[in-house]
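Visitor: Here's the letter readout for the chains.
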Amino acid sequence: MTAMLESWERRCAASSALRFLDINLRGIGQVMFQNHPGTGLLFLAAITWGSYAGGMPQVAFGGLLGLVAATQTAIALRVDRAGLAAGLYGYNGVLVGLALPTFLAPSLLLWCYVLLGAAVSVVATLGTANVTKTWRVAALTFPFVLTTWLLLLAAHAFAGLDLASAGGDTEFLDPAETNPLDIAAFMAGVFKSISQVFLKGDAISALLLLAGLAVSSRAAAACALAGALLAVITAHLLGAESALISAGLLGFSPVLTAIALGSVFYQPAPRVLVYAALATVFTVVVQGAVNVAVAPLGIPALTFPFVLTSWLFLLPQQHFSPTTEAAS
Amino acid sequence: MTAMLESWERRCAASSALRFLDINLRGIGQVMFQNHPGTGLLFLAAITWGSYAGGMPQVAFGGLLGLVAATQTAIALRVDRAGLAAGLYGYNGVLVGLALPTFLAPSLLLWCYVLLGAAVSVVATLGTANVTKTWRVAALTFPFVLTTWLLLLAAHAFAGLDLASAGGDTEFLDPAETNPLDIAAFMAGVFKSISQVFLKGDAISALLLLAGLAVSSRAAAACALAGALLAVITAHLLGAESALISAGLLGFSPVLTAIALGSVFYQPAPRVLVYAALATVFTVVVQGAVNVAVAPLGIPALTFPFVLTSWLFLLPQQHFSPTTEAAS
Amino acid sequence: MTAMLESWERRCAASSALRFLDINLRGIGQVMFQNHPGTGLLFLAAITWGSYAGGMPQVAFGGLLGLVAATQTAIALRVDRAGLAAGLYGYNGVLVGLALPTFLAPSLLLWCYVLLGAAVSVVATLGTANVTKTWRVAALTFPFVLTTWLLLLAAHAFAGLDLASAGGDTEFLDPAETNPLDIAAFMAGVFKSISQVFLKGDAISALLLLAGLAVSSRAAAACALAGALLAVITAHLLGAESALISAGLLGFSPVLTAIALGSVFYQPAPRVLVYAALATVFTVVVQGAVNVAVAPLGIPALTFPFVLTSWLFLLPQQHFSPTTEAAS
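Chains as they are written, first to last, in this note's numbering: chain C, 1 to 328; chain Z, 1 to 328; chain E, 1 to 328.
Everything labelled a hint here was simulated from the structure, so no lab data went into it.
Every residue gets a Cβ at the ideal spot worked out from N, C-alpha and C, and that includes glycine.
Errors might be hidden in some of the hints.
Unchecked claim - Partial list, derived from the structure: chain Z residues whose beta carbon lies under 7 Å from chain E:
(1) CYS12
(2) ALA13
(3) VAL120
(4) VAL123
(5) GLY127
(6) ASN130
(7) ALA159
(8) LEU163
(9) ALA222
(10) LEU225
(11) LEU229
Unchecked claim - Residues on chain E that point at chain Z, a partial pick, calculated with CB under 10 Å:
(12) TRP49
(13) LEU64
(14) VAL68
(15) GLN72
(16) ILE233
(17) ALA235
(18) LEU244
(19) VAL281
(20) PRO296
(21) GLY298
(22) PRO316
(23) GLN317
What the hints assert, rightly or not - Calculated Cβ distances over 10 Å to all of chain C for the following chain Z residues:
(24) TRP49
(25) VAL281
(26) PHE282
(27) VAL285
(28) PRO316
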């Protein structure tokens with residue numbers, strides 16, 4: 001793997017087209033905090049598969065459009081070279097581009113909306129990072145959440161953007177009674193919790209994402225799987241609606257919390273893992289809370305539960321030694 | 001003009017009553033970032049005309065009461081002299097004083113409410129500026145928005161303050177289909193977008209405001225007009241309700257964004273104008289989003305879409321050279 | 001009193017069990033900013049009496065469980081010794097532990113929820129303090145509000161936690177017309193405004209709380225009583241619903257604001273008292289506003305009106321000389 005990566009790096013250094021491709025692949029990888037083009041490639045495969053399998057190929061197109069638009073905006077805004085090369089200005093754009101066609105019907109105006117959202121996501125990334133670095137905390141996916149919430153809320157006010165046909169596999173259901181547990185639904189919940197990070201309810205996408213994580217960091221892959229398991233168990237114990245759990249809709253934020261706290265921002269260690277587990281369990285509660293809070297507004301929670309909980313658990317960061325490599 | 005201003009300055013230096021008048025006039029001008037007594041005088045004319053023409057003279061009285069109360073509170077709190085002299089402690093007070101009688105029925109308690117709101121707006125201005133200066137960003141009209149939102153929300157809980165008779169030309173309508181475009185409605189939307197900064201839907205008020213801007217800064221006047229045009233076009237393209245657009249209710253926040261980013265906080269330059277145009281377009285989206293978000297609470301969006309978008313686009317400010325004169 | 005306190009201090013220094021008891025008692029006292037074990041003991045008596053008198057003994061148990069869990073979490077997270085000894089990591093935990101069984105039906109899961117909430121309240125205290133110290137402002141009870149809001153919102157999404165049987169003496173009523181004033185209801189409102197700081201509508205609890213304050217600071221006790229009086233009068237003048245006022249539900253946040261601004265964060269002086277009175281009056285407005293804003297979400301305002309108003313009035317703190325002893 002290392003030899004392949006070095007060979008790739010040499011080719012990128014020689015070709016600006018390949019460098020542009022490299023930056024964009026790393027941008028996809030940074031959705032799960034991985035600065036690695038191979039991770040990005042496997043994540044892209046997961047997105048593409050999940051979109052076609054779910055009957056919404058336009059979602060994969062939207063993700064790519066948002067990614068490239070965000071990278072171009074970052075270049076036009078002359079952002080710092082190191083952050084650009086690491087994909088730190090692309091991961092919010094790809095998420096904006098995936099989310100908008102998931103919840104809005106395809107139209108020419110939708111693609112303009114994706115371009116606007118991707119450009120604003122870069123401004124929001126610069127602004128958020130400028131604020132959060134005051135307390136040595138990363139922007140996480142807050143720029144994606146803020147931009148997409150505003151664009152989706154506004155869609156209710158604009159006849160040109162149609163929310164009616166939104167949904168598909170990310171529909172939100174009313175919380176109700178739990179159903180008797182069955183092992184197939186349980187495992188579906190675990191894997192779809194991982195794929196829903198990219199708004200996909202698809203087990204094959206989840207396996208591609210785990211493979212992508214393992215290429216860059218086995219600890220991250222382990223944290224993702226452990227976080228998904230812990231989230232599904234916690235959600236069942238709290239009596240969340242089984243259909244929501246099995247669709248992975250209560251687990252994608254906890255998965256991100258587990259990766260971030262367990263393997264990215266702190267060095268893995270027993271005390272850190274207990275702390276990350278507490279944060280992962282609490283993210284399930286926050287997911288329930290945010291679902292309830294945003295439901296009357298007709299918008300989804302997106303990854304805000306992850307952002308809120310991770311900021312809460314990262315802000316007192318003096319208590320553990322941070323890892324040397326800072327991530328998104 | 002310069003000779004007149006110098007003569008006025010000499011008279012103010014000799015008379016504390018004229019100095020107090022000067023501070024209050026500049027406070028009105030700072031609503032659109034202009035530190036100029038002539039601008040304030042023309043803005044005052046716009047407010048007075050718009051209030052009488054709209055059949056709500058009590059709104060103009062409220063604005064003056066809020067302005068003077070805020071200036072007196074600032075003096076009592078011993079704020080910095082430079083900020084006080086520039087009117088930076090008055091612009092939120094005048095807006096609180098205009099907004100409350102626009103949405104609440106006149107009564108003795110209403111005027112007490114205006115006095116309370118104006119006093120708190122000064123505390124909020126000091127507090128907000130103390131926080132936002134951490135990232136070298138101005139308080140903008142956030143103190144006005146926060147104070148007025150709290151006072152209007154609370155009015156739903158208090159029988160002494162009557163929301164029922166509120167409204168007039170600032171009524172919020174349900175978004176619906178767009179109507180065929182006609183040029184008179186289009187131009188009405190452009191001009192009323194400017195006058196709605198002071199909660200007035202009146203073209204003559206808009207012309208007085210443009211004249212007031214031009215007295216102090218032709219670039220600001222040009223940005224206001226260009227921002228209004230861009231906002232009305234964007235809103236039509238997105239399919240916003242025509243009645244809202246033509247009443248100027250989707251354009252007043254974008255007008256403020258255009259002035260702030262295009263002429264106040266950055267030096268006008270091609271790159272800056274593109275950036276300001278992007279921010280202006282996005283402010284229309286944020287206006288739609290905030291309208292949807294606050295509608296269930298029974299309060300108007302006020303200028304929060306301007307504040308949010310401008311903060312978002314000002315926070316990454318390292319990319320352009322800021323102007324030498326810092327404004328509100 | 002001083003001799004008793006010194007003798008107690010000597011015993012605590014010699015016994016880790018007594019020291020643990022001392023930390024927890026000070027944690028209860030810090031709910032009203034008092035770093036004194038005697039205050040904590042009288043507050044504990046007030047909580048216990050109020051819970052039994054209100055027919056909800058499980059609430060007192062929840063408070064103790066939350067307090068001890070928070071203190072243990074703080075020790076496990078190796079927080080600063082001075083803050084721990086002063087009870088600064090316990091006051092949010094005791095409030096979480098009182099609030100959850102007040103609004104949720106007793107069950108095994110509820111006590112797990114209290115433990116989770118108490119642990120997270122310590123993380124939130126560290127994180128909030130890390131942010132607010134940037135502007136030399138205390139965390140106040142924001143960690144309690146944030147944690148409890150998330151846990152209560154989430155309870156709507158989880159069948160395992162039952163909101164139906166919540167309420168008792170903290171039920172929220174629809175605001176309606178004011179009733180003719182009667183002196184018994186007026187005095188009930190004043191005293192219950194003090195006891196509702198601990199979610200109790202009970203005059204004897206209020207007297208125990210006033211005694212607890214007086215043990216540590218007569219100025220704090222005077223501010224609490226004056227704040228309650230001012231809040232009840234203001235609420236009546238604004239036309240708030242009499243039943244809400246008489247139950248103390250519009251006065252508990254103003255009581256905290258009055259203590260904090262009048263006796264804790266500023267030295268008592270005429271200018272400070274005017275400022276604190278303005279803040280206390282405005283807290284009544286904010287209480288009305290937050291009640292309206294959170295009602296559709298099915299959660300109570302808790303002490304957020306106090307937190308918001310006190311932050312607003314503390315942020316411009318350069319204007320008065322702060323007290324030498326910094327509090328929670």
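Visitor: Would you mind marking each hint as holding or not holding in the structure?
Guide: Hints, one by one, checked against the model:
For Z:CYS12, the shortest C-beta to C-beta distance to chain E is roughly 26 Å, which exceeds 7 Å, and the interface hint is violated. A least Cβ separation of about 27 Å between Z:ALA13 and chain E goes past the 7 Å threshold, and the interface hint is therefore violated. Interface hint at Z:VAL120: satisfied, since its Cβ lies 5 Å from the closest Cβ of chain E, which is below the 7 Å cut-off. For Z:VAL123, the suggested interface contact is upheld, since its CB lies about 6 Å from the closest CB of chain E, less than 7 Å.
For Z:GLY127, the shortest C-beta to C-beta distance to chain E is roughly 3 Å, which falls under 7 Å, so the interface hint holds. A distance limit of 7 Å between C-beta atoms decides the matter here; for Z:ASN130 the minimum to chain E is near 5 Å, and the interface restraint holds. Taken as an interface hint, Z:ALA159 checks out: its beta carbon lies about 3 Å from the nearest beta carbon of chain E, inside 7 Å. Checking Z:LEU163 against chain E: minimum C-beta separation of about 11 Å lies over 7 Å; hint violated.
Taken as an interface hint, Z:ALA222 does not check out: its beta carbon lies about 36 Å from the nearest beta carbon of chain E, beyond 7 Å. Checking Z:LEU225 against chain E: minimum C-beta separation of about 36 Å lies over 7 Å; hint violated. With a least beta-carbon distance of about 36 Å to chain E, the hint placing Z:LEU229 at the interface is violated under the 7 Å criterion. The closest approach between the C-beta of E:TRP49 and any C-beta of chain Z is roughly 30 Å, which is over the 10 Å cut-off, so the hint fails.
A distance limit of 10 Å between C-beta atoms decides the matter here; for E:LEU64 the minimum to chain Z is near 34 Å, and the interface restraint is violated. Checking E:VAL68 against chain Z: minimum C-beta separation of about 35 Å lies over 10 Å; hint violated. The beta carbon of E:GLN72 is not positioned within 10 Å of any beta carbon in chain Z (closest approach about 34 Å), and the interface hint is therefore violated. Residue-level restraint check for E:ILE233 is violated (minimum Cβ-Cβ distance to chain Z is 13 Å; threshold 10 Å).
The closest approach between the C-beta of E:ALA235 and any C-beta of chain Z is roughly 8 Å, which is under the 10 Å cut-off, so the hint is satisfied. Of the supplied interface hints, the one on E:LEU244 holds, with its beta-carbon coming within about 8 Å of a beta-carbon of chain Z, less than 10 Å. The restraint placing E:VAL281 at the interface with chain Z holds, with a minimum CB-CB distance near 7 Å, inside the 10 Å limit. Restraint check, E:PRO296 versus chain Z: the minimum CB separation of about 6 Å is within 10 Å; hint holds.
The criterion of a C-beta within 10 Å of any C-beta in chain Z is not met by E:GLY298, whose closest approach is roughly 14 Å, and the hint is violated. With its C-beta approaching chain Z no nearer than about 3 Å, E:PRO316 sits inside the 10 Å limit, and its interface hint holds. Interface restraint check for E:GLN317: the shortest CB-CB distance to chain Z comes to about 8 Å, inside 10 Å, so the restraint holds. Every CB of chain C is more than 10 Å from the CB of Z:TRP49 (nearest about 30 Å), matching its label as outside the interface.
With a least CB separation of 7 Å from chain C, Z:VAL281 falls inside the 10 Å interface cut-off, contrary to its annotation. The Cβ of Z:PHE282 does not lie farther than 10 Å from every Cβ of chain C; its closest approach is about 5 Å, which violates its non-interface assignment. The non-interface label for Z:VAL285 is inconsistent with chain C: the shortest C-beta to C-beta separation is roughly 5 Å, within 10 Å. Chain C draws Z:PRO316 into its interface by the beta-carbon criterion, the shortest separation being 3 Å against a cut-off of 10 Å.
This entry does not satisfy hints 1, 2, 8, 9, 10, 11, 12, 13, 14, 15, 16, 21, 25, 26, 27, 28, going by the numbered hints stated previously.
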